[in-house]
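The hints should help you fit chain B onto chain A, whose structure is shown.
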Amino acid sequence: MKKLALSDEILMTIEKPARYIGNEINIVKKELDKIEIRFCMCFPDVYEIGMSHLGIQILYDMFNRREDTYCERVYSPWVDLDKIMREKKIPLFALESQDPIKEFDFLGITLQYEMCYTNILQILELSQIPIYAKDRSEEDPFVLGGGPCTYNPEPIADFFDFFYIGEGEVIYDELLDLYKEHKKQGGTRREFLEKIAELDGIYVPSFYDIEYKDDLTIASITKNNPHAKDSVKRVVEMNMSETYYPKNPVVPYIKATQDRVVLEIQRGCIRGCRFCQAGMVYRPTRERSVEFLKEYAKSMLKATGHEEISLSSLSSSDYSGLQELVYYLIDEFGTKGVNISLPSLRIDAFALDVMSKVQDVKKSSLTFAPEAGSQRLRDVVNKGLTEEAILKGALEAFQSGWNRVKLYFMMGLPTETEEDIEGIAILSDKIAREYYTIPKDQRNGKVSIVSSTSFFVPKPFTPFQWVRMNTTEEYLSKQHLLRSKMNEQLNRKSIKYNWHEAELSILEGVFARGDRKVSKVIYDAYKAGCLYDSWSEHFKYDLWIKAFEENGLSIAFYTSRERELEEILPWEFIDVGVTKEFLWREYSRAKAEKVTPNCKLGCANCGAKVFNGGVCFDGVLQEVSQ
Amino acid sequence: MKTRLKFTKSGPLKFIGHLDVMRYFQKAIRRAELDVEYSQGYSPHQLMSFAAPLGVGLTSDGEYLDVQFHTCDAPKIMVEKLNAVMAEDIQIVDFKILPDTSKNAMSIVAAADYLVSIKDGYSFLEKELFEIKFKEFYLQNSINITKKTKKSENEVDIKPFIYSYGFLQKDFFDSIGQSGAMNQDFSSVAETYKNGIRVFMQLATGSVNNLKPELVMEAFCQYAGIEYNTFAYQIHRMEVYAACGNDSDQTLVPLNQVL
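Residue numbers (the working numbering), protein chains in the order written: chain A, 1 to 626; chain B, 1001 to 1259.
Honestly, I wouldn't trust all of these hints.
In silico BS3-like pairs for lysine-lysine, Cα to Cα no more than 30 Å straight-line [said to hold, decoys possible]:
#  : chain 1 : residue 1 : chain 2 : residue 2
1  : A       : K247      : B       : K1081
2  : A       : K546      : A       : K520
3  : B       : K1076     : A       : K298
4  : B       : K1002     : A       : K294
5  : B       : K1103     : B       : K1159
6  : A       : K496      : A       : K89
7  : B       : K1212     : A       : K16
8  : B       : K1194     : A       : K88
9  : B       : K1002     : A       : K336
10 : B       : K1076     : A       : K336
11 : B       : K1027     : A       : K298
12 : B       : K1027     : A       : K16
13 : A       : K88       : B       : K1103
14 : A       : K16       : B       : K1150
15 : A       : K223      : A       : K180
16 : A       : K3        : B       : K1194
These are calculated hints, taken from the structure and not from any lab test.
Next comes chain A alone, as it looks inside the complex:
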């Protein structure tokens, strides 16, 4: 039998052993003696979540196209195996070769959400790699981070040798070439970091010193190494139709959360919602060509055998070739039993036509994300969706047979009042009323409205990066208010209200805008037993509170504090393209309840034009301004 890192007995003892055996369909196998660079790509959450992530599939394919590099994968061992690995001192291993990760050259960790931070420490500790970068020796792999959380990497900066800030397609080749050369010359760890510190997009935290003022805000961010740059520029792939994309993604044996082909149709978003980090840091909006997407849809469905294909983007309706692409997918694959799923679609005549073709109207539901309950607050956050559009879309859908609606809102948005919160209940009720305007004999039973609220978490590089976040108490009282308002509605029996836990959002708020001092809290909380914090059954808020207290840090300093324009923010040294001036301007407009048109209607001069492409140069702007 092929060698596995875990014994049969262990695999028969734990839940879902298939998480750890590798050997999936489409994995890359390479002979180790022909390889110069071993790269282990990690998603610090359980296998089924990690395997659903498109970014790793893109990078896995890209790295393995290099003959000199073997890229493998690793995910967080679930708590049952975690315990056994600690007891038996089994080093964490990569799925493909089942070899210990500590033997690799690089361990690349994707940082998709803040609540995975303790899982990073678990990966490092189980791999038997020192948790703090400063304690690593010449024999240890380089530990690097990439993904959305690198737009403020400071709370985890001490655990990483370097961060890759920007899109993976751009400079990895150069980085690996430098590494090969470095390995041949036999340079030190520090020398390699100095070389790559000069590359755009690479941030080496140990090359920067942070000084704090008496009030604990940052006094200065200073380079301590001549190779480090003043500001780290985000790297961006500008040609979305001639770049890496996997034609044969790995297919897991056990059901992943996303058990389907994922087709990224565009990157970036023109909408400019002021709370949305992705909408700011992935500018400019860049589309992939319809031809590229058709070709990849075909190859990926064939290579995986998946029964479903999902289009991925921040706002699918804004993709210019959407109709052509969707009708192609329906015609080409609909008859072959392939489901087509279209998240983030604005409800209009086209969407309803497509949905009626690909879904069972009786079983599916419509989704709207008004985000805020009143037009005033939607203007504050620059969410272009109007009540009129929601009601019109809902009525049309009801007339076509739908009777289920899901609504997503955020609570705690800047300037929020009780009227805005009540507005959530009123809007939910108005949609239900819309349903009952249809004559009884044409209705499809009762209407069902599910309204969910999450708590707003201010993120770096958004116009709301300066705002005060609500406290747990404020959130809970708002939640309470909404529940009572929901119960006052005429159609209350048709409305179901779901809410999120406040504590998790508060902690997310700390990590989102935290500084380097937070890393010790993460370390202590992890050592005290925090792991899988994004899983509510494993989230131990009391341990977190204790870790903050023991380190003399206040949660409120990071969350419930309005920042001044002059304050040096922990992520200030990163240049994402969108400028601080633009973000501040947008914050001011938000307070004045002024909306900003989307990128296709007019240029708001956000700064992303420096990348020389995408929507900024699509020619639409000129037409509008004439």
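Structure of chain B alone, referenced to chain A:
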């Protein structure tokens, strides 16, 4: 048209559970772009059914799966097309087109052959002693075990459900009338262990009577006065049979030879 596929399951993939094997086949059939039949409705599924689910941790040379196709190529080509998109450790070894009137595999399963090997590193009897003891164990008039259900505990005699056993593959095949199986160009995917302690057995399987090899080993350990450790055995299924003929003259026929 109805077809029956025979496949192996081995190596690391023994840890894939039955439902995931089903998903695996659905995707493999799509990768091979075969003209499979789907059920009607908004969430159509492929028309397929398995003969007898294999537990997690078990390996097999003889798993069966019935699939309905609109059209298909010659069996040899179907095997090639599928294996080209399959994992090394789940491979098709036979493909048969069945008459439309044939019953589905699950409903006709009557027996299965197993090879139980003792894994290295577990305390167990010496090989010679094991063979002597196992023979004695089998020669008892009855082998009574307690079967626990949700409601009650029942004493059951499992001896009638052990159809045959043997320590050497050849002897075993002779005893079950499958001597021919030895002559074929056949290589098993079963794992082998240094200690060489193993036993072949043919057991009642299916919806009427079903005896798991684990239960036989547990009963044996009880008889021999040694502790039963669930992790100590590698169980390998070799073949699955249907009962053919009438009540007085029944013969067991491998599922891919039932017409």
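Tested hints:
For the given pair, K247 of chain A sits about 20 Å from K1081 of chain B by alpha-carbon distance, which is consistent with the 30 Å threshold. Pair hint K546 of chain A plus K520 of chain A holds up; C-alpha atoms about 12 Å apart against a cutoff of 30 Å. A hinted pair counts as satisfied when its Cα atoms are at most 30 Å apart, and K1076 of chain B with K298 of chain A qualifies at roughly 27 Å. For the given pair, K1002 of chain B sits about 34 Å from K294 of chain A by alpha-carbon distance, which is inconsistent with the 30 Å threshold.
Taking the CA atoms of K1103 of chain B and K1159 of chain B, the gap is about 29 Å. The hint holds against a cut of 30 Å. For a cut-off of 30 Å, the pair hint linking K496 of chain A to K89 of chain A is broken: about 48 Å separates their Cα positions. Of the supplied pair hints, the one linking K1212 of chain B and K16 of chain A holds, its CA atoms being roughly 22 Å apart against a limit of 30 Å. With a CA separation close to 24 Å, the supplied pair K1194 of chain B and K88 of chain A stays within the 30 Å bound.
Proposed proximity of K1002 of chain B and K336 of chain A is supported: the alpha carbons are some 20 Å apart, at most 30 Å. A threshold of 30 Å between alpha carbons decides the hint, and for K1076 of chain B with K336 of chain A the separation of about 25 Å falls inside it, so the pair holds. With a CA separation close to 15 Å, the supplied pair K1027 of chain B and K298 of chain A stays within the 30 Å bound. In summary, the hint linking K1027 of chain B to K16 of chain A is supported, as the alpha carbons are separated by about 20 Å, within the 30 Å threshold.
Between K88 of chain A and K1103 of chain B the alpha-carbon distance is near 50 Å, which puts this suggested pair outside the 30 Å criterion. Between K16 of chain A and K1150 of chain B the CA atoms are separated by roughly 26 Å; this keeps the pair inside 30 Å, and the hint holds. A hinted pair counts as satisfied when its Cα atoms are at most 30 Å apart, and K223 of chain A with K180 of chain A qualifies at roughly 27 Å. Between the alpha carbons of K3 of chain A and K1194 of chain B the distance comes to roughly 16 Å, so the proposed pair stays at or under 30 Å and holds.
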